[in-house]
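Generate coordinates for the entire structure from the input sequences, incorporating the hints supplied.
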Amino acid sequence: MTGRVLREASRVELALLLREPVALVFALALPVVNVVVLGAVFGDQPDPTEDVFRGVSGSTYYTPAYMSLVAAAVGLIVTPTQLAGYRERGVLRRIRASGLPVSAVLVSQVVVGLVLAVVGAALVLAVSFASNEPDVPADVFGVLVAFLLGTVALTLLGLVLGALLPTARAAQGAGVMLWFVVLILGGAGPPPDVLPDAMGVVGTFTPLRPLVIALQDPWFGNGWNVVQLLVLLGLGVASGAVAAVRLRR
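Positions 335 to 583 (this note's numbering) are the ones given, in order, by the sequence shown.
The set of hints was computed from the structure by calculation and includes no laboratory data. Careful, some of the hints might be misleading.
Listed next, with one range per pair, are the computed distances between beta-carbon atoms [as the list claims (entries may be wrong)]:
#1 V470 with P500: 28 to 38 Å
#2 T501 with A472: 41 to 51 Å
#3 R427 with A460: 34 to 44 Å
#4 I518 with V359: 10 to 20 Å
#5 R582 with V356: 23 to 33 Å
#6 G424 with G389: 21 to 31 Å
#7 V359 with A504: 16 to 26 Å
#8 E467 with T501: 40 to 50 Å
#9 P524 with L478: 21 to 31 Å
#10 D469 with G424: 44 to 54 Å
These figures come from a predicted structure and were not determined experimentally. No residue lacks a Cβ here, since even glycine has one placed at the ideal position from N, Cα and C.
What follows is the structure in structure tokens.
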């Protein structure tokens, strides 16, 4: 797969993605709306118990958390919907018949997913800092590494969903449902410490929880959370392997 093929495939993927209003709403608009609403509710007042919001203000807690929701929208909704649609319409079969490697399409989806996630995260940051005044991240590079790794891992997970679900409509419905589940249980909605014990335990096994923590720790000045970064790396490697095997068929 040459660089020219990848660039062309990525350009086509991006053009197709911009025609999907649901993808744009969940990746770009909804996280921004949540930032505005929860910023107005919690503001920049310190966490009175130093427990619920991990010792920072509500706006500081939720700003990196909602960056993770952008990555989740890309991985759970955008990517599987696109890939399942290709399978449903026989696009992948035609690509194989043309001699173009299917891997070019898959890699281009990861590239386009990263682009969309970066734009969405930039919108979240711009709106949050303009309206809610969160603390600036203590380690910008650590936040960036966590975000990029988490986005790639969730996008590869999205390829697995897209390879398993039969239609674009099924993938979109399942993805939206999963997005709301990880919002509630994964630490980007109610803080884990306020969840019932059973829900908190379930939340630790969602793909969003490690990304939320991996983003928050360097933001709050707690250093890189190597364990959560390794979880994201493992999720990405495993998902990529499963997707590759499934899509060879």
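Q. Does the hinted range 44 to 54 Å hold for D469 and G424 at CB?
A. holds, 51 Å
Practice item. Using the beta carbons of P524 and L478, state whether their distance is inside 21 to 31 Å or not. Key: holds, 26 Å
Practice task
Starting from the range 10 to 20 Å, see whether the pair I518 and V359 falls in it by beta-carbon distance.
Solution key: holds, 19 Å
Verdict for T501, A472 (Cβ pair) under range 41 to 51 Å:
With a Cβ separation near 45 Å, T501 and A472 satisfy 41 to 51 Å, so the hint holds.
**Range hint compliance [Cβ, E467 to T501, 40 to 50 Å]** = The hinted range 40 to 50 Å holds for E467 and T501, with Cβ atoms some 44 Å apart.
Are V470 and P500 spaced within 28 to 38 Å by their CB atoms? violated, 46 Å
Evaluate the given range 23 to 33 Å for the C-beta pair formed by R582 and V356. Cβ of R582 to Cβ of V356: about 29 Å, so the range 23 to 33 Å holds.
Between the beta carbons of R427 and A460, is the distance compatible with 34 to 44 Å?
Since R427 and A460 have Cβ atoms about 42 Å apart, the given range 34 to 44 Å holds.
*That 16 to 26 Å hint for V359 and A504 (C-beta), does it hold up?*
holds, 19 Å
CB-CB spacing for G389 and G424 relative to the 21 to 31 Å hint: Distance hint for G424, G389 is violated at roughly 53 Å.
The earlier numbered hints that this structure contradicts are 1 and 6.
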